[in-house]
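What follows is each chain in one-letter form.
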Amino acid sequence: MVAQLFLNGLVTGLLLALPALALTLVFGVLKFANFAVGAMLTLGAYAAWVANTQLGLSLPASAAVAATTVALTGILSDQLVFERLKNRDSISLLVASMGLSLVLENICRFFLGNASRSFDVPISRPMRWEGLRINQEQITTALTVCVCLVLVHLLLRHSPLGRAMRAVADNPSLAATRGVDRRLIARLTWALVGALIGLAGVLAGLDRSIDPQIGWNYQIPIFAAAILGGLGSPVGAVVGALVIGLAEEMSALIIPTNYRQIVSFTVILVLLLFRSNGLLSAKAVRK
Amino acid sequence: MIPYLITIAILVIIAALIGLALNLQWGLAGLVNFGVVGFVAIGAYTTALTAPSIGWLPAMILAALIAAALSAGLALLSIRLEENYLAIITIGFGEAVRLVILNEGWLTNGALGIANIQRPFASLTEQFGGDIVFVIFAIGVLAVVFVALEGWTRAPFGRALRAIRDDATISAALGKPVFALRVRAFAIGGAVMGLAGALQAFYLTYIDPSQFSAIVTSYAFMAVIAGGRGSNVGLLVGAGSIMALLEGTRFLKDFISVIDGVQLSALRLGLIGVGIILQLILRPQGLVPEARRKAADVLAKPREAA
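In order, the protein sequence lines correspond to chains W and R.
Following UniProt numbering, the numbering of the first sequence begins with 1 at its first residue and continues without gaps.
Following UniProt numbering, the numbering of the second sequence begins with 1 at its first residue and continues without gaps.
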């Protein structure tokens, strides 16, 4: 029982890792918390669903469609919304991203309604290993996320784009004087972030039924993960996601499962009370 | 038509109360609160549960007090956090309230909700018919709240909050108790949200968790941004015009037959989102910008007198 919950927790954590990473990257490079992350995840799930069930594409192809759709949405929202607000206080960006979240969620609801949907994939028997049940979807999730994390790591650490992104995150004006084009970096960041969130949407759609609220259900865990790791720290976001995933699943041992969603809220609250910089630094307290 | 106008009037009043509360917390004090709906729900449920045994007035006061106490508690824990963190904490609070209401059926009757809530002045209502009595009552509540909040806005309390919003460090250096003032602003805002919830429970005479979704919070933000952050008069204008626009879209259904109910509500909510973004980009100061005094206004006076 405990081992099973641990396993489920790890997979949930891995699923959270992608959007948490996306949140933290946007915060690092563009300096605001993107509250539309949940709605973007919903959009990804629906884009993949349309590709999968309406156009008859395979799941990997649908995932590519989802990643592309959300990446383009990210670039478009940056162009239309966030770029125009970049000189305002961060609270304007925060509220604008909340507005964007309403828009995206309701575009999905407008075209596809409130009904729950699921992908057209064959139902497979869970594998059994040492008394553990392991679903096919869990293996898919774990593999996809691990590959993505390795790729993002390589991109951030060992490519010119990654170096430029880290430079803008660290000190935008210094980066600008060294010829790093902030606009280009912002767009590329949104493309990367959108692809990550879109993929997470597909994985979420494998895990549960797709409805307009699917992303909103992940909103608080995503933020909890990113905050736990210290907003702006990519490694921290992944570690935070694993901790939150484990905490959510393991909480079934002590509290009713109805209240599972309160776990991540409690984790953030307690963390910010006692260690306001997250596990791996970042300032949360204001003057 | 008249009953329909009355319905809109009451919805505007409830939205305006919630907006006024958010305007104090966010507009005046600069404290973002994405958990607005949680406080409204607490007010509504407190009223629905206690009004039958203690009467409507004590129930409303209790609703305001409980919402204020929880608001103050949340503020004590989290108000020193920077805005991104405060935003997610307040979202979490709103979700926690929703979960408790859904799952603690022994108290709240879960998803079924509570029906048959007695309105104030029920006997008068029968005499005059319709919702006229309730509209007058609601206007009365709004008037009292508006006068109180406008008074506080002009008082040293409001000026101190604005100073903290604009620069907390300087305010602290000038000896303003930043933390205590912020907690107070949050608590008063919570109390007003609780009152709005009480009005909603009385008006609908029936409450269930589905009435308290994140939409309530979005309305409030839209109203504050549209009216102008920090301006109470602007808020009334903002809340009124938004509600009129949104309620106007209900009629669209009669003209455009291809849109069903779900699509219509999605369209309305999407439009709120678009509205919030456009307002922020095009007219961030709002319809009625907050009156701002410059140092020169004060300093120039002695010379004029001389």
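To be clear, the hints were calculated from the coordinates, so they are not data collected in a lab.
Glycine residues also receive a C-beta, built at the ideal position from the N, C-alpha and C atoms.
It is possible that part of the hints are untrue.
Stated by the list, open to error - To give an idea of the chain R side of the interface with chain W (calculated C-beta under 10 Å), a few residues:
(1) V32
(2) I61
(3) Q211
Unchecked claim - To be clear about the criterion: a stretch of chain W counts as covered by chain R if any three or more of its residues have a C-beta under 8 Å from a C-beta of chain R, and this derived list gives those stretches:
(4) 28-41
(5) 110-117
(6) 182-189
(7) 215-225
(8) 259-272
So which of the earlier hints does this model not fit? Failing hints, ascending: 2, 3 and 6.
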